[in-house]
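Asks: Listed below, chain by chain, are the residues.
Protein chains: 6
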Amino acid sequence: MALDEETRVRLSGVSTATLTTCLFKRGFRNVCLQDVHPVGPAQPAMVGEAFTLRLVPAREDLDTMAVYADPDHPQRKAIETCPAGHVLVIDSRGDARGASAGDILVTRLMVRGVAGIVTDGGFRDSPGIARLGFPAYHRRPSPPTGPIWHHAADIGLPIACGGVAVYPGDVMVGDAEGVVCIPAHLAAEVAAEAAEMTLYETFVEERVRAGDPLLGLYPASEASRAAFALWRRSRGR
Amino acid sequence: MALDEETRVRLSGVSTATLTTCLFKRGFRNVCLQDVHPVGPAQPAMVGEAFTLRLVPAREDLDTMAVYADPDHPQRKAIETCPAGHVLVIDSRGDARGASAGDILVTRLMVRGVAGIVTDGGFRDSPGIARLGFPAYHRRPSPPTGPIWHHAADIGLPIACGGVAVYPGDVMVGDAEGVVCIPAHLAAEVAAEAAEMTLYETFVEERVRAGDPLLGLYPASEASRAAFALWRRSRGR
Amino acid sequence: MALDEETRVRLSGVSTATLTTCLFKRGFRNVCLQDVHPVGPAQPAMVGEAFTLRLVPAREDLDTMAVYADPDHPQRKAIETCPAGHVLVIDSRGDARGASAGDILVTRLMVRGVAGIVTDGGFRDSPGIARLGFPAYHRRPSPPTGPIWHHAADIGLPIACGGVAVYPGDVMVGDAEGVVCIPAHLAAEVAAEAAEMTLYETFVEERVRAGDPLLGLYPASEASRAAFALWRRSRGR
Amino acid sequence: MALDEETRVRLSGVSTATLTTCLFKRGFRNVCLQDVHPVGPAQPAMVGEAFTLRLVPAREDLDTMAVYADPDHPQRKAIETCPAGHVLVIDSRGDARGASAGDILVTRLMVRGVAGIVTDGGFRDSPGIARLGFPAYHRRPSPPTGPIWHHAADIGLPIACGGVAVYPGDVMVGDAEGVVCIPAHLAAEVAAEAAEMTLYETFVEERVRAGDPLLGLYPASEASRAAFALWRRSRGR
Amino acid sequence: MALDEETRVRLSGVSTATLTTCLFKRGFRNVCLQDVHPVGPAQPAMVGEAFTLRLVPAREDLDTMAVYADPDHPQRKAIETCPAGHVLVIDSRGDARGASAGDILVTRLMVRGVAGIVTDGGFRDSPGIARLGFPAYHRRPSPPTGPIWHHAADIGLPIACGGVAVYPGDVMVGDAEGVVCIPAHLAAEVAAEAAEMTLYETFVEERVRAGDPLLGLYPASEASRAAFALWRRSRGR
Amino acid sequence: MALDEETRVRLSGVSTATLTTCLFKRGFRNVCLQDVHPVGPAQPAMVGEAFTLRLVPAREDLDTMAVYADPDHPQRKAIETCPAGHVLVIDSRGDARGASAGDILVTRLMVRGVAGIVTDGGFRDSPGIARLGFPAYHRRPSPPTGPIWHHAADIGLPIACGGVAVYPGDVMVGDAEGVVCIPAHLAAEVAAEAAEMTLYETFVEERVRAGDPLLGLYPASEASRAAFALWRRSRGR
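Protein chains in written order, with the numbering used here: chain A, 10 to 246; chain B, 10 to 246; chain C, 10 to 246; chain D, 10 to 246; chain E, 10 to 246; chain F, 10 to 246.
Just so you know, these hints were derived from the structure itself, not from any lab.
We put the CB at the ideal spot given by N, CA and C, even for glycine.
Check before you lean on any hint, since a few could be wrong.
[What the hints assert, rightly or not] Stretches of chain B that chain D covers, calculated by requiring three or more beta carbons in the stretch to come under 8 Å of a beta carbon on chain D:
hint	stretch
1	34-41
2	58-70
3	160-168
[What the hints assert, rightly or not] Lysine-lysine pairs mimicking DSS-like chemistry, simulated, CA-CA at most 27 Å apart:
hint	chain 1	residue 1	chain 2	residue 2
4	B	K34	A	K34
5	A	K34	D	K34
6	B	K34	C	K34
7	E	K34	B	K34
8	F	K86	C	K34
9	F	K34	E	K86
10	D	K34	F	K86
11	E	K86	D	K86
12	A	K86	C	K86
Pulled out of the complex, with its shape left as it was, chain A reads as follows (with noise of 0.2 Å):
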């Protein structure tokens, strides 16, 4: 069930308040990963499906730089592995105290193509990853290098991340409110469905702007719809 491209630019144009409800719709109601926001304020829209690392609590014997010389690192594993046009997650038990990853880790993954990252604890070097123009997500900034308080311990299971279950496969979608996680087999549904009710909500805007008061419009009526299928036509759309 990988995602595919017309999904992929489907879900690049729409909104993840928009997603939410085409999932609240279908009986999903803890999707949006809670007080995970974006690190830099112009970054692009993120989709991709997740590839999955889970942290633990450090622990002061097995944690320390020297972790980092070993090529089978879990957390440098995932930079190294996660496949292009993945998303890199990281539940880090919502700790910001300590460092889910840095600016250098993170360059790393833009140059291999990957299509974002994302923790529920915060990433170091944070103004330096603002500025590589690349879709990441966290809590908030936190300098304190990794070892300090997480242990990387595995790659490509089901995680927790800011509140929601994220199975590997998953589609995460981000823009700059926030993140939301689609499970894989909704995803091409969704993003159609969310196509369709944002053009309607460009209508939407256009008429309230213009005066027209809420009620027959938003939700939409008979009259509603048809006005919107004739302003749809004049459009191309």
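Start from chain A and add chains B, C, D, E and F according to the hints.
Replies: Using the frame of chain A, we list chains B, C, D, E and F on its own:
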């Protein structure tokens, strides 16, 4: 005790910080909404009487997307009936897991001449709200659609917002730091005093930049008051 | 053990992130003030020795606006006596419900040549402080006047700030991510090591952007150290 | 849809844990008041319809000890008008810094035949309340008198309590673990189902103590249902 | 302004709840230590003047097990010098991750005739402390040895404890609900008033149990005051 | 490195407080599970090797009551396969909104000879668990059925519990204060040292009750060690 124009103008020119001082002198300690921030970095200041909306937690059988079709739905009714020049203040129990409102509703408020919107929860489509240049205050962005966590219960009652009691008709003032709630019967006198204090502080700021120490200047002494009188006269204020 | 000029310059050129690594190597895990952020997005970096001020909770009979008339009031005294080149660090018990200081006081500090101000509470008039271009760090904006929640107790004692022990004379370094406290006796050696690390990381960043993988580069290997030596020489650093 | 006697009896014999399962099967996820605990370790179970009282934050000029002299003060009115057999449920915004009620008021409720009292704030005189042997639930003991932090706003509206929506007439059930709120229209059917489940779990508990594994027993299988039918008949239940 | 015997006796017979009311009438809102609970369920009430100890966060190079060998270590010194009849009050910054003290130290305090111990952190060996039958108050049990998180900084300064300002010499009163701090100069008058209120509340409790409604009784009316006078005389109080 | 009988016996006789001291001396600061408490006030002490279960947040389509019918459901499998003498440790992400387990499952564990159960979430049917007299530790009672908030993900991995890293095979020790996790390779040496310390503290406790000051006794001096040697011999320990 409607908000008169002179008071409105005065309140537009003073800071929330100064207002807390004036209210503290009158025995009020808890007037500044905690953890309620401007949505946009450059939105205009806000002054207006409170029009209240109260949310309680959602219940799965009552709160679905269908609620919005009801013309009497309290949230939609609040958007259409909040008087021009007033501020819509929403008691979201400090819960930003689901949205208190989104950009279409806020646009409608703006078009209707409402003075601002405040919640102790979060708004969705917050980047769009920020672009409106309309005074909007919340805790943090919240993409999830409202009915996932909130049920609009009623309009026009005393509420809690950001840990502060807000009574309908109280005067809400917002600047780049946050929002203060002034009990209605004190608005005029507090506005007058705050305007005076603000002028004095402009003078102090000038003196401090010129190298004067704080002692004898801030708080004012007889000497500083005399210097201020001169300064004031020379500027025709 | 006053802060020498070479150390000050070195510390101005390194990040708080790098400093936490150097200190972690020496066994220090808790040196980065938690939840303490720059007030302005573009304020300069900060380096200076800690000059401490301690706040305890306000008491209604002791803490009124009248306290500021006292020339010995510890907050005002701290503003007037914090030595040039030092950083005023305020223990606000992490409580941002009332202000730790405001823009007039911060302006006075700046005029006096102080190197910065840090609190684990909040500043009022924070938009004004942000415009000063002066290093100021807090938890979040806090309009309410100080005596509502805080009593200035004393100056010059060891304090807690952001969960970190700060001893008078410790070296405070701040950048766009936050603030680190370096024990005084380690400042020079840590500054030297951090400056070296920073140079190596500049080299790494260049290599990673050029497509090099992390392994063998970060952390350094014998090969990468050799390449670095060449790179360094070629740039005369 | 008054609470009938059979339902009341059934609900007195089942646990809040079992009720959450019955409600989850019907799509309700948020029915158990979070962080609301029994005041006394040995108080009786509680069943009754919700009678609601809503508190907002105190305001210094309105909330003094004088408020209690008013015969229409909502808190006092709630104590005197909450019907026998009902439960007084107080929305204290989860704030236990000031008391929601004290032992004299709770004694009066008990004398009046009320079924229990619940707040998501705290009670004062809680050791006295614990001695009453009356069902009372709160977050934690809270000695400070109510008007320091709370203003009694109104009676009989939908409220939030412990993060759960409570509508007047909903059925509140409390045991030694906490409190569950059952939507009024579901009380009878949920009570019947929960009573059945409880009986089955008694059987399971017996089997598990005797050494049976969980598989095939819990959840029930055809075989275990047959064994249960026998067990049940043999006990005449 | 030492605590006289009559005041001590009176304070031993009133509740912390009643004391908060007396202090609120005098304008004090923040006198009850938040989230500070008795260690044992049956420990005696506590009355005594505050003797303060202040902890700051531990630093790895300063805070090792070796600190306790120093006869001037502030925590050990506090244990040996806190005067009999006083209460040792510890500012632990609300941090219960490491212990503020343990059972051996508390035993020593008890043997020395000290009146009680209070922290807004946690005690270790708390089951042993509970068995002492000595007034001890904390946030929650905390097995980890103190130097992991705390550094004892100094003795005899104003401190924060449970969010309340405690000045040396203030009168600390504890019961089964928690701890109240009475400003020293108000102890005698508050004790007298609280003793009177307590007697009236005993009368009210009796009337309410007998079926009287609250109105006209609580708060007192002319009629109820007359009945109370009779009741009081008849009991010789 | 299985837990030998001598170590098990020693660990049964020492406190979690003492164990944190022994581990701190070896550089371990974070070994005591935070906010994890005994379910029952009188449950026996706990010693056993960790057998881990990991929960992630629930997803509405995956987590229904039907999951428990699956014989491979990780929670049920953990209950049936956790070895006798081991402790089942559950990573519930500190989330007590839904239950980690209930009394039937805990009874089954007990019958199977398991040494205890620990979660950083909550148990349902906790009064029933308390009556079992079986070592069970959690954050607080949690009636809601597990699948509302939790999904059992896997067994036998390193986890976080109460903010501490727990590796399968680590030795979990619980007493009336809480739970400590001892890295497997240190269990024997720490047990021996802790047993010695405990004996010395028994001696100290006796001396302190007899009136000895702390200095020269705690920590031990040459003199006190000599006295202890005598005391010990006289008691044949």
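Asks: Can the restraint linking B/K34 and A/K34 be considered satisfied, given a maximum Cα separation of 27 Å?
Replies: violated (52 Å)
Asks: Is the listed coverage of the stretch 160-168 of chain B by chain D valid when you require three or more residues with a beta carbon under 8 Å from a beta carbon of that chain?
Replies: Satisfied; 6 residues make the cut.
Asks: Run the distance test for F/K86 versus C/K34: straight-line Cα separation, threshold 27 Å.
Replies: violated (42 Å)
Asks: Need the status of pair E/K34, B/K34: alpha-carbon distance at most 27 Å?
Replies: With a Cα-Cα distance of about 19 Å, the restraint between E/K34 and B/K34 holds, given a limit of 27 Å.
Asks: Within the stretch 34-41 of chain B, is the number of residues with a Cβ closer than 8 Å to a Cβ of chain D three or more?
Replies: This one holds; 4 residues, not fewer than the three required, reach chain D with a Cβ under 8 Å.
Asks: Three or more residues of the stretch 58-70 of chain B near chain D by CB distance under 8 Å?
Replies: holds (count 6)
Asks: Does D/K34 sit within 27 Å of A/K34, going by the straight-line distance between their CA atoms?
Replies: holds (19 Å)
Asks: Can you confirm whether the C-alpha distance between A/K86 and C/K86 stays at or below 27 Å?
Replies: violated (54 Å)
Asks: Do the alpha carbons of E/K86 and D/K86 lie within 27 Å of each other, as the hint requires?
Replies: violated (54 Å)
Asks: For a C-alpha distance cap of 27 Å, please report whether F/K34 and E/K86 respect it.
Replies: holds (23 Å)
Asks: Between D/K34 and F/K86, does the CA-CA distance stay at or below 27 Å?
Replies: This hinted pair holds, its Cα atoms lying about 23 Å apart.
Asks: Sort out whether C/K34 lies within 27 Å of B/K34, counting only the CA atoms.
Replies: At roughly 52 Å apart (the allowed maximum being 27 Å), C/K34 and B/K34 break the hint.
Violated hints for the displayed structure, listed by number in ascending order: 4, 6, 8, 11 and 12.
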